[in-house]
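Following the hints, complete the assembly by docking chain B onto the known chain A.
So the sequence lines, in the order shown, correspond to chains A and B.
Taking this note's numbering as reference, the numbering of the first sequence is continuous, increasing by one, and the terminal residue is 174.
Taking this note's numbering as reference, the numbering of the second sequence is continuous, increasing by one, and the terminal residue is 118.
Among these hints, one or two may not hold up.
Here are the simulated DSS-like cross-link-like pairs (lysine-lysine), alpha carbons at most 30 Å apart as the crow flies [said to hold, decoys possible]:
1) B:K41 to A:K132
2) A:K142 to B:K41
3) A:K161 to B:K41
4) A:K126 to B:K41
5) A:K161 to A:K126
6) A:K120 to B:K55
7) A:K122 to B:K47
8) B:K20 to B:K47
9) B:K20 to A:K120
10) A:K161 to A:K132
11) A:K161 to A:K105
12) B:K20 to A:K122
13) A:K122 to B:K41
14) B:K41 to B:K20
15) B:K20 to B:K55
16) A:K131 to B:K47
17) B:K20 to A:K105
18) B:K47 to A:K126
19) B:K47 to A:K161
20) A:K120 to A:K142
These are computed hints drawn from the structure, not numbers from a lab.
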Amino acid sequence: EDQVTQSPEALRLQEGESSSLNCSYTVSGLRGLFWYRQDPGKGPEFLFTLYSAGEEKEKERLKATLTKKESFLHITAPKPEDSATYLCAVQAADNTDKLIFGTGTRLQVFP
Amino acid sequence: DAMVIQNPRYQVTQFGKPVTLSCSQTLNHNVMYWYQQKSSQAPKLLFHYYDKDFNNEADTPDNFQSRRPNTSFCFLDIRSPGLGDAAMYLCATSRAILGRADTQYFGPGTRLTVL
Numbered sequence: 064e065d066q067v068t069q070s071p072e073a074l075r076l077q078e079g080e081s082s083s084l085n086c087s088y089t090v091s092g093l094r095g096l097f098w099y100r101q102d103p104g105k106g107p108e109f110l111f112t113l114y115s116a117g118e119e120k121e122k123e124r125l126k127a128t129l130t131k132k133e134s135f136l137h138i139t140a141p142k143p144e145d146s147a148t149y150l151c152a153v154q155a156a157d158n159t160d161k162l163i164f165g166t167g168t169r170l171q172v173f174p
Numbered sequence: 004d005a006m007v008i009q010n011p012r013y014q015v016t017q018f019g020k021p022v023t024l025s026c027s028q029t030l031n032h033n034v035m036y037w038y039q040q041k042s043s044q045a046p047k048l049l050f051h052y053y054d055k056d057f058n059n060e061a062d063t064p065d066n067f068q069s070r071r072p073n074t075s076f077c078f079l080d081i082r083s084p085g086l087g088d089a090a091m092y093l094c095a096t097s098r099a100i101l102g103r104a105d106t107q108y109f110g111p112g113t114r115l116t117v118l
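So that you can see chain A by itself, here it is in the shape it has in the complex:
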């Protein structure tokens, strides 16, 4: 069964304290892996799409990487405005209309 597991469930960081969020996946052929940021009471905001193992993408303080079994979202020197829930989702090669979501990592960055 296709599955996505995110860890940790919650993460508290001091401003400037770099860390990584993990997304492990099991899917019958990966078409794409997606990272979203979701603020409370709002819809998910697209961050990155990764298509193949070894691929990396960066945006400001965020960097996403992909292996054959997992993806990492690295946060370098986070700021309080980076506080949000980060969702990972995968798209299977045999059913590309749908996304399989993880339950997210809730990140809090304190000044």
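Below, chain B without anything else, positioned relative to chain A:
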């Protein structure tokens, strides 16, 4: 800016009173999705349209219906809302490339309260 718009942002209804949520998009994407998201949970796909083709998820209750009158608009109808239907409802769109849906872009959501 191209975007996904949802109205209203907040909707309060009474138990059993039908309600309609709307979604519009200026991205000209041919695939549109409706998700239900409850607190601290992942979004749950209810159904999606691939152009005019409607695709219902097997576990979506019959109480939920959808209409897509044209490329830009999609509606979610809840015929008889129950207390368990209180949630955030998210609309998303994507374009299909060579028959495969690509990145999904989400609207801001509609928070539904059932009294």
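Status of each hint after checking the structure:
no.: 1; hint: B:K41 to A:K132; in the structure: holds (28 Å)
no.: 2; hint: A:K142 to B:K41; in the structure: holds (27 Å)
no.: 3; hint: A:K161 to B:K41; in the structure: holds (19 Å)
no.: 4; hint: A:K126 to B:K41; in the structure: holds (28 Å)
no.: 5; hint: A:K161 to A:K126; in the structure: holds (24 Å)
no.: 6; hint: A:K120 to B:K55; in the structure: violated (34 Å)
no.: 7; hint: A:K122 to B:K47; in the structure: holds (27 Å)
no.: 8; hint: B:K20 to B:K47; in the structure: holds (23 Å)
no.: 9; hint: B:K20 to A:K120; in the structure: violated (46 Å)
no.: 10; hint: A:K161 to A:K132; in the structure: holds (19 Å)
no.: 11; hint: A:K161 to A:K105; in the structure: holds (21 Å)
no.: 12; hint: B:K20 to A:K122; in the structure: violated (45 Å)
no.: 13; hint: A:K122 to B:K41; in the structure: holds (29 Å)
no.: 14; hint: B:K41 to B:K20; in the structure: holds (20 Å)
no.: 15; hint: B:K20 to B:K55; in the structure: holds (28 Å)
no.: 16; hint: A:K131 to B:K47; in the structure: holds (25 Å)
no.: 17; hint: B:K20 to A:K105; in the structure: holds (25 Å)
no.: 18; hint: B:K47 to A:K126; in the structure: holds (26 Å)
no.: 19; hint: B:K47 to A:K161; in the structure: holds (10 Å)
no.: 20; hint: A:K120 to A:K142; in the structure: holds (20 Å)
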